[in-house]
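Colleague: Given two chains presented individually in distinct reference frames, assemble the corresponding complex, making use of the accompanying hints.
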Amino acid sequence: MSEQSHTGRLSTLAAALVVARRDFTAILFSRSFIFFLLGPLFMMALMYVAGGVGQQVRQNASRPELGVAMNAADADALVRAQQVLAPRLGPAMPTLVVVRKLQPGEAFDPLIAMKSNRANLAAIVSGTLEKPVLTGPEERIADWQGRVALLTAQALQRGPTDFPEVTLAGIATSTADKTQGQRSTAQIGQTVLFMLMMILAGMVLSNLVEEKGNKIIEVLAAAIPMDAVFLGKLFAMLAISFVGITVWALVGGSLWVSAGNGLSDYPAPAVGWPAFFALGVIYFAMGYLVLGSIFLAIGSLATTVREVQTLSMPVTMLQLLNFFFANFAMAMPGTWVEKAAMIVPFSSPFTMLARAAQHEGLWLHAAAIAWQGLCVAVLVRGGAAMFKKRVMQSGPAGATKRSLFRRAPA
Amino acid sequence: MMKLGDGPMTSNASGAQDRPLAIEARGLVKRFDGFTAVDGVDLSVPEGAIYGILGPNGAGKTTTLRMLLGIIDPDAGVRRLLGTDRPHEVAHTVGYLPEERGLYPSMKAYEAIAFLGALRGLPLAEGRRRGKELLEEHGLGYAIDRQIRQLSKGMAQQVQLLGTLVHNPRLVVFDEPFSGLDALNQGKLERMIRTLAEKGTTVIFSTHVIAHAERLCDAVAIIAGGKVPFAGPVDVARDRIRPQVRLETRVGDGPWRGALPADARHEGSFWYFSLPETGIEPLLRALIEGEAGILSLSIERAGLHDAFVAIAGEAAARALEEEKEEFRR
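From first to last, the protein sequence lines are chains S and X. The first sequence begins at 16 in this note's numbering and counts up by one. The second sequence begins at 13 in this note's numbering and counts up by one.
Hints are computed from structural coordinates only; laboratory data are not their basis.
The list that follows gives simulated cross-link-like pairs (lysine-lysine, BS3-like), each with its CA atoms no further than 25 Å apart:
| # | chain 1 | residue 1 | chain 2 | residue 2 |
| --- | --- | --- | --- | --- |
| 1 | X | K120 | S | K230 |
| 2 | X | K239 | S | K404 |
| 3 | X | K200 | X | K165 |
Next up, chain X with everything else stripped away, as it sits in the complex (with noise of 0.2 Å):
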């Protein structure tokens, strides 16, 4: 069996350099009747970063969190949740938003959050109270009294949320957080994200929306087949491909020609490719010696997707790109 160290843990390899770890995951295993779900999965999240885990659904993050809060224990591997392995004895600093979400349906909205609070042993009174004061502070003052049932999905999943944090945890985690709320409170669950970091709080969540991890995150750990091919800051991760150059000529052939990469392509009257790792100057040098007639070349930078696509390969990024379209309609 794999043993994490007892003493501190610290970050050195998410840029967040001697941070000590909120999360440390060392070859988490698990298997549901012979299917390997997670395999070797290895995490670092130092105390007061936003993390992202990345991948398609089935790709093992729901299990990995659940692994690291103790909802069910790996069949291999060891993980540390604020400094224990053991995560319920830190029950009481963290909060967990499952994917499904799920509050009791006769429950008022101010007694749900407050019995999310009681659960991590904030006093019931005192629950009630903040509860009270969260659905206030965020537009939800009107629904205090009702029932969930009568709420809507939306605004019960921003109950579930607030009850979440009521307790104000240390560490945040958040699986698909993002799924199930509109454009405007997705940008409103950003700004509580941002708010929670700054105050020190590290959060962690899943997605496969590869556009609120990249908005958000100090660093991220792509998940695919139940393996992490990539966990680091973000930068490392667009740096991972090179960036892409896009060239547009007003003479269509000639000498030129033989200084463009390998794996250039041809679309109207662009070129696109990755910059060469000679660098721009030596491409440039031989475009203009040639006459190719430059109207246009611009270098852009490889985004997560990019990253993503590169990392977790094309069948990953395709089954993404499916449950995009299926989460848009």
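In isolation and in its complexed conformation, chain S is listed as follows (with noise of 0.2 Å):
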């Protein structure tokens, strides 16, 4: 104790990552932050094998079967013709399948053999390449017509025999589907930000009710500014969300990835993806670090997880009408509606990110982000003056204990 001191005064930021430090360390190492991690991740997991299953299921079911019930000359030909015109049709010359050679004057009747478990046989041709029947549910056969008159004519050697090669002159998009593909990508990135912020600002509002069950808040509140005290809790917050949302992006993109998809299959926003990524980062952390101050304020009059249930309600339907209306100012640029979108605190990171990937442009971004910044000071600084005015004053016995729904004892 006779040592000389190193203390100097902390600034404010240098109180907040003292906090934040201790919080972000705390929550890390909890067995409640693995639990957090894993549900998303479980429920990405979900979603890989159940869209795994879906597919294969959509495949199947998308092509069906045209079955064959011809003399073997006939059904000979037919299977070749398929084998010729497949390749320059696709998808849309359905496969053949025989299910009957027929022998000179034998008998044969579809409809039995549709009824058979042949169970993805959407059709069957039978009688002959000149007198083609086809038999089968009335859309489908309606639809196959078509494609039933081109084959047997191919097997019957009437259809065209040289195909000319197509030189094939492609543009990645035209203006209308890059507009809608910028505009599709405007969505997802709303809905990817407010599923984020939902997932992840629960955690802020149950925060500082640790902190009151601990009753460190006293000590705290005395040895730095209550700004710094919020501001650190929102910095750890904020520290934790990144961790989580770096797991989830690289197990969500390394599962992503491993199912043939790619960046390049998605029309680009129109700042290009680099951009679009570090805006969408930005605005990640105006946009929790707004609502997040919100909630701190709100769940630090909270005194129980019950009580922190019971305002996480309205917080969440708050943050869903926030998220509709970023969402319906998508729909009407340079209206008057999109401008408030842009200039309400707590939709304005939702429709900047729309913004980024609908228009060119970054001044605009700067200066979003610059009133968001200010946004976050001037509610982070009423937080803390909330906070202390309302439950700091400890006073008189019983007081210590007051929250939004007690009066504290005269």
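Modeller: Written out as structure tokens, the structure is:
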């Protein structure tokens, strides 16, 4: 105790980092964080498996087979014709399955064959090549009539024999496709942003309850300004969020790529993928901080987990409302609705991310980020002042237990 | 709004003449939903002093300390802590042990100390090193790597106490530091407070156990009902009430009875009364001349408890006794 003290006055930021470091470490190495990480991963794995199974089912269901019941020569000719046309017509050409090669004079009832257990048999071609009969459900046979005619014509060698080489001069996308694609990217971006904030903001809401339970808040409030406490908690939760997002993105991205997807399959956002991702990170951080500061202020007034749960509902509804507002604004570019959605700090990150997908130019993003940063600062200060005013006034017996739902005893 | 002077604050009311003030408060007021918890408190705590704030629970002790530390702001009045009216500016030179102790349960003991130091600007690595040293020094070396949740309440309290001091503060504020400690650890804490004061650290603590204040403090403030009816040296507080005389006589009655003060009360063969303002000699003369047959006579200087009763009033004293009883239970 006799040593020279090396302490110096902490700036608000330095004090916030002390709180953030403690919170980050404590949350990162807690059991609940492991479960928190695993939750969405389980969901992703489930979606991946379900998606795979679904795709297999769809593939099987979407490639029905066309049965052939003709005499051997006709059946073989039809199969050869299918082999000639299939490479040129692709999936439009059905797969042929010879159900039966009929002996001369043999009777065949396609209805009975259709009712038998060939599950993927969509229709049956019978009769002769000159007079083919297509038996099957009405909506199917009407659709396949032309293709069966083409097949039989080819089998009878009345079809084209020479197929000229067509040179392909492709363009990535048309203007209409591009606009539509970028709108999809904007919508996906907004939804991902919203989902992440929904999942992660709940953690902020309950964060100060732990502090109040431990009664450490008194020690914090005596040592550093309440602004620093709030900021530190927000930083910690943001860092934790990035850890979660990184893990989820790595796992989800691996699954996505392993399923044969790639970014090139999707229309690039107007600002380009790197800038879009960078803006996504920034807007997530800003949205999280804006909402988090509100949550922290409200959560700080709750004394129990039950109260936190009660408070979560209206807050979640508010988030949903902001998401819808931003979504609505996306469909009305250049109107006052979009401008309002850009300015309202709660919807601004969603709106601006959608804008990044649809419109070039970064200066508006710089302005929006500065505006959102200002809102964070104001909200943190307001939240801290509210916390100090409403919660830190323990004074007479029982007043430390005051909450949003209880008045302090006089 | 009241203002304190910008010049160096010095003491003149606590027996530490001309020492700069570590704490000065004038007219502090705090209200909670219409209830006035602190009502015009004035305090002057000289640097290096051990200063006690006495009063029953609900008297306003904790609220006063919290206002001084900047945890809450006063509704009226001014405060200065180590020369500034912005307490957080000097937080790195202040240590605070709140009444409701609190540490993170998952932290190891030495990390908890380091964290409390870090909040006061002590580098984390330095705090960890000092935390381990302090725990060893205070016989808690075996608990260095234990989590707070694995410690007893008393041990956790000691860890927090060490965390309060790890950054070598100039001013230490303890709110009810003795509550929750056994007699052995209360003694250790008293010694620690004296050692701190010897090194020049200012110590201010609140308590409702007057014996601690009487043993430790240079000066006290008595708070009752949010007001401070007395603030000053312990001796001055004691002198507020007359010394008590206990007289034993062989004769039960006689003309000498007329010489006894009007407030004298008789219990068994003893008479109890306050020392008359004229002194003991005229009374002695009257007793001898009246042939009272003096068997014994003692004059006892009033204790701080008596002073507290006299100053804070019977009601406050009764509340204090009730709390003490509860504390003992």
